[in-house]
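> Top to bottom, those sequences are chains H, V, S, C and D. So in this note's numbering, spot 28 of the first sequence is number 28, and the numbers just go up one at a time. So in this note's numbering, spot 62 of the second sequence is number 62, and the numbers just go up one at a time. So in this note's numbering, spot 19 of the third sequence is number 19, and the numbers just go up one at a time. So in this note's numbering, spot 98 of the fourth sequence is number 98, and the numbers just go up one at a time. So in this note's numbering, spot 263 of the fifth sequence is number 263, and the numbers just go up one at a time.
Check the hints yourself; a few may be wrong.
Covered by chain H, according to a simulated footprint, are these stretches of chain D (three or more residues, beta-carbon under 8 Å) [to be verified]:
{"hint": "1", "segment": "145 to 156"}
{"hint": "2", "segment": "159 to 168"}
{"hint": "3", "segment": "273 to 281"}
{"hint": "4", "segment": "313 to 325"}
No lab work stands behind these hints: they were computed from the structure. Note that the Cβ used here is the ideal one computed from N, Cα and C, for glycine as well.
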Amino acid sequence: QDGPIKIGVLEDQSGDFAAATAVKVHAIELATKEINDAGGIDGRPIELVVYDTQSDNRRYQEFMRRVLQQDEVDVVFAGFSSASREAYRPIVNQFDGLAFYNNQYEGGVCDANMIVTGAVPEQQFSTLIPWMMETYGPNVYTLAADYNFGQISAEWVRQIVEENGGTMAGEEFIPLGVSQFSQTIQNIQQSEADFVVTLLVGAAQASYYEQANAADVGLPMASSVNVGQGYEHKRFTPPSLADMYVTTNYIEEIDSPASQDFVERFRAMFPDEPYINQEAANSYIGINLYKQMVERAGSTDHDAIRAVLAEGDVCFDGPSGNVCLDPKSQHMSHTIFLAKVEDDHSITFPETWENIEPYWLGDAGCDLTQNDPSAQYTPSSPPPAP
Amino acid sequence: MNDTVLLQTTGLCSGYGGEQVLQGVDLTLNEGEIVAVIGRNGVGKSTLMRTLIGLLPASGGSIRFGGQDVTQDGANHRALQGIGYIPQGRDVFPDLSVRENLMVGEVAGAGRPAPDYDLIHRFFPILKDRARQRAGTLSGGQQQQLAIGRVMVSHPRLMLLDEPSEGIQPSIIKDISRNMRELNAQTGVAVLLVEQNLDLIVSMAQRGYVMEKGRIVATLGPDEISSRDAVRRHLTI
Amino acid sequence: MTQILQVSKLNKRFGGVTVARDIDFALDEGAMHCLIGPNGAGKSSFFRLLLGEHAPDSGTITFRGRDITPLRSFQRIREGISVKFQVPGIFKALSVRQNLQIAFQHHLHGASLTETVRRVLEFTSLTAEAATPAGVLSHGQQQWLEIGMAVGVEPRLLLLDEPTAGMSPDETRKTGEMLHDLNARGITILAVEHDMAFVQQIAHSVTVLHMGAIFAQGSIDQITAHPGVQEIYLGAADE
Amino acid sequence: MEFFTAIFSITYQFGDAFAFLVISCAGLAVIFGMMGVINLAHGEFIMCGAYVTAATARAGLALPIAILCGALAAAAIGMVLERTVMRHLYHRPMDSIIATWGISLIATQGVLILLGPTMQGVGTPLGSMALGDRSYSLYRLVLFAAAVGLLGGLYLLFYHTRFGVIARATIQRPAMARALGVDTRRVYGLTFGLGAGLAGLAGGLYAPTMTMVPTMGATFIVESFVTVVVGGADIFLGAAPAAAILAIIKASLTAWYGQLFGQIGLLVAVIVVIRIMPGGLSAVVKRWQR
Amino acid sequence: MSRAEALDALAAPARSRARQWLSRLEGPQTMGRGPAFWVAMAAVVLAAAVYPLFSNDYTVGNAAYFLVWTFMAMGLGVVWGYCGALSFGQTAFFGLAGYAYGVITINIGSAYGLTWLALILSVGLGAAFALLIGYFMFYGRIKGVFIGIVTLSVTLVLETFMAQTAGPQWAIGTARLNGFNGMSGMPPLTVPWFGGDVVLYSGTALYYVLLAMVVIVYLGLRMLLNAPFGNVLVAIRENPERTEMLGYDIRLYQMLAFGLGGALAGLSGALYTAWGQYITPSSMGLTSAALPIVWVAVGGRRDITATLLGSVLVIAGFQALTIYGSQYALVVMGALLVFTVMVTPDGVVATLMQRLGRIFGKAGR
Ligand SMILES: Nc1ncnc2c1ncn2[C@@H]1O[C@H](COP(=O)(O)OP(=O)(O)OP(=O)(O)O)[C@@H](O)[C@H]1O
Ligand SMILES: Nc1ncnc2c1ncn2[C@@H]1O[C@H](COP(=O)(O)OP(=O)(O)OP(=O)(O)O)[C@@H](O)[C@H]1O
Ligand SMILES: NC(N)=O
Ligand SMILES: [Mg+2]
Ligand SMILES: [Mg+2]
């Protein structure tokens, strides 16, 4: 066949999450344009089928069906929040589709129909938390969004802190949409914390930073989501995010030639883009990985593509360096950058960890080359022993 | 009393939606006159009153008040020009106190002398005693007194009085009749009265119109209007 | 003769206003009684107490031998009371016919319901308006509808709060005749009125309420001649 | 000293919750309480006030003046909307829900399209003050003072000025008010404008403390609605005590059991309070008054 | 009397009772009467029945999805449009039943048509919860806008609570509630059949089942609303005090109507879960809670036909806008809402039906 290759794109271009996700669509458009200008995938142009999911899980269900059944796309790039991913995953499974989830998340999805390019806890927390404990001390206060992502991430943090001989000075969960933090701020001040891990999701919760700064909390902060996704350092007045440390696999301040080249090409196409975040890079990488797999498989057939993936050498030199897909979990390796927000909200990179594998799922027993449980696991509910 | 025309309607038509109720009403009221409009239920007396104050648009004909054509004016403008309206069913502001109800009445008095609360309280002492009570909890008769008082505050030139006797105890009906005549004598306010209560019509009105099916079908001179039998005859056609 | 309604030591205050003060009142089965009194005397409030819309501060209400004080309004109605309010409480958005159906369907069904509705429409001169939304009726027509809703079910006790307000003398007389008719069929009637001609026409006996308390009781002639009543209510005999 | 700081901390938390409830509900209280319009675009007026405040403050205006600009901008937009849309919907409260919901969709998405998904905020002024081992944002004390001032001002406006009486009369019986000479259109316009302006003021006051996104109004909406409704039909006798009760419940639950219970507890308290006082708090306050 | 006659006599009241109910398909509370109306109605149903033959699986499945929501809309129509109580929290019953369907089916499986049992139990649970809330509100003399806030609070409490049930400790039997990410993995409805169960995945078969259910519920509601029960509901909406003074226990009627609305919302919820094998706390959130009100108001709340057609129209229209409107979809949606409310106060469909004139007029005024 040689019609265009159709890629479905379901992202939140409006609603609550738009601030962090509108840029993902642009990244996909950029990759598409570059590939098409260079002759397409195996000579076939990419055609995007884009729907705005409006930060509404219901829309993910509607449109996942639509792209798979009606538009008959070859692959789907979909989802920001973990909840949206879980909303569409049963449908991808039902129609045996293939979906890329290009978002950092709480980890653990073991599903042959899913390829994940976003970073996972072993990449973001196993690096960040020990570094912070070494630098600032062993007492950790976690402030997390009160849903799966936050709770499971907090579980990771707790486990890593304990493994490294630290203690949890406190752990607090914030319902989504909460924007007032006076009590939380006092709880933190009253604790013995050496630093605060903030796993806050959505625009409302980001208000924490301004309020903590106004109350002069003065503790260093660490995060896997903030700054790297929602560029809070660009939106808040300095120095509210000063001393914030973030492990991210990409942000636009990364000073490598590949990164700067990416930023240049991105801004050439989208001059008004407020910020190029890690999920934009992951989306861009995702398309390029898909191109490679299709070309090597000689078709868009999912089994053929997964056969290529199983070879274990699907890699790409992207804006963040070299990344590879892991056949067992179908997640991606990352170079992790530790970004530090300075007083003036400029970014420095005190530390980099090269090429961290998404090892947890495989170690825990997920092996998609062998079987497909289509499930999500966490440290406290791991895959059943074989 | 003089013969200057205060209010004049010619061919006045109006109604609700598609249904025309007033079918061309012609009536005249001189400065300082008390004129009654009588007729059975549903002939359009209240509709006439609503059209005169401007809550219903006239679909035909014209209304002149104080020498000016007010047919196109909004109700609030007519009120400011000196038409006071006391509706059937009273329509007091239920959640406002008695005092506050009277305060709203002051709006229409802009540019006229200050409200004469002494006079109002003399006519209706209850309005003073219950100044702080929510108007919605007043008894029916008390509400009627408030509705009249609320219009008196602004010193109107014409009062449109729609069935004021409804639900009022006999002695107060007499009071109203006496008070209105006294007010009329003192201030020269003209009154257009819609009534079915014989006593009130006979004791108050100086002239009358009989209405039927949206038209004026007869006029009653001073002699007829003060005869109970004549009025009764017209009310039972 | 048995008493259909007995009220004893009924009290009710709203803040500073006493609307019922130690009211002892009884009504014979088959009576036609009028309740009069100055505006604000507490007549409508007395009805609301009878109907359970207000709870009394103290006192009991007995209807047909049963203490109904603890009952809720709808239960009292089901005991055989029916009411026409001072302010028409009709369903304005519904047609005249529907208003009547809703009023009667509790007691009547099928053909007898249809027949009763037809009869009441005729009786209230609203046949032509049967399909009209009740809210657009003239004030007087609304009063008629409300009366129709109250009498159609032939209650044991009919409470009428100012049934003739807004009616022409002719209609008032017609209403009076209708009440005599109903009374003749065994319905006890208690009416609040200000129209003394009407009271004269219908009442066997009269109670005068003043400031929440019973002020006088007696035949219509006794009452009209009562100087106190003249003073508080009727006004000087003639001017 | 220990005791004093603990007391201060508790008071501060209560005041903070109280201020949030009062400030965010004032505009809604005026529009709902006075006009019977359920304004689902309330949050977007707040957003408007916040955006204008942030923009003008960053352009160099002093913050108090910027906040005023935010309030005025929201009031102006409110009056325009009143002229064009709301005017047709008085006494159709259900339809006003739909229309204002539509307006809210347009505003949120329109701002997203025109100004992008986020906007840079202004920093919180006034710094902090330390007491014991804790420190407090001084600006939050200003918010509390603003809440108290707002309540007092509104009470005076509606109960002790002619405008208030006339506005309430107009809402209750518009036709009768017109027949008494009231220019009801003007009253409606001013009242709606006032409500929108108060919402804008809320946005302006909270702008320095929050993320600026087009959907920011959503964080205010539930709490402001429940406060207004628990307050009951008479908003000014109701809103203040309602905000106080809800603030106590919310602040103590949050302090003892965390944000989740603060959140759920607030909503459960709403249910319970309404059940105990079906007419809202103001009905009870009124009964006391007599 | 012969045996046949005796049987006839026995059957007669039943037959006349049936005839009486059938006659209530038309009446003052519902628009549409006479042969013309029913012919039109039959044509619509017929068109809906044959259109899958000319369409693809996606479109039919999507249409089935629209139908899933109509029960909640009709339920709200009864509670709000007919009984006058604006519930802002129908989604509470929707979500509860949706979760119940998931929990039950995950625990008992889908063999022997047990999914239908789960459906019935879930709907029952939705109804029971609604009756409970209804009892709490109506017997507590809560009315007007307070009903909206109480119901909204209920649904938001459920949402907030369910959102944080991510941990493994939040499980009922073998069913993990799974927090904000939502619960999935429950089986769709299955019909036991010779040679293997028929699984009603989103598609043509499910579409027909839903279409039949919609028709049954719609006709059932028509009869109920034109029965004395419906008359009393409308009377309560118009003037509750007066209705009580006519001898009706209005609290009971309101509670029953509310329970009916809850059952219908629960039906939508269970069907939604079965349709997509997924249920999430956000289906009980503020936005989700507002949507049914929009559907019902735009279609026309005072008439069940308008509610039904209107909600399908709005749901489909909003989806189409989202598909084709790109970032302007929400703006256009908002503008349409404002516009329709201003132009057609009674709702678009209701206004259209009135315009269409006599065949749609209400019977028996
Ligand atoms: N709001 C309305 N909408 C439609 N029709 C109305 C409305 N108000 C009154 N009508 C109709 O207009 C006609 C005249 O009503 P109007 O109230 O003017 O009568 P009226 O002479 O004042 O009677 P009454 O003595 O009973 O008060 C009546 O037939 C009535 O049905
Ligand atoms: N809910 C209430 N709160 C306070 N005062 C009330 C309330 N209801 C009635 N009142 C007062 O109680 C008194 C009696 O009122 P009621 O309506 O019973 O009088 P009435 O005898 O029916 O008078 P009318 O003949 O004018 O209708 C009045 O002074 C009234 O203001
Ligand atoms: N994947 C997240 N942030 O939900
Ligand atoms: Mg009239
Ligand atoms: Mg009375």
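> When the hints from earlier in the document are held up against this structure, which numbers fail?
1
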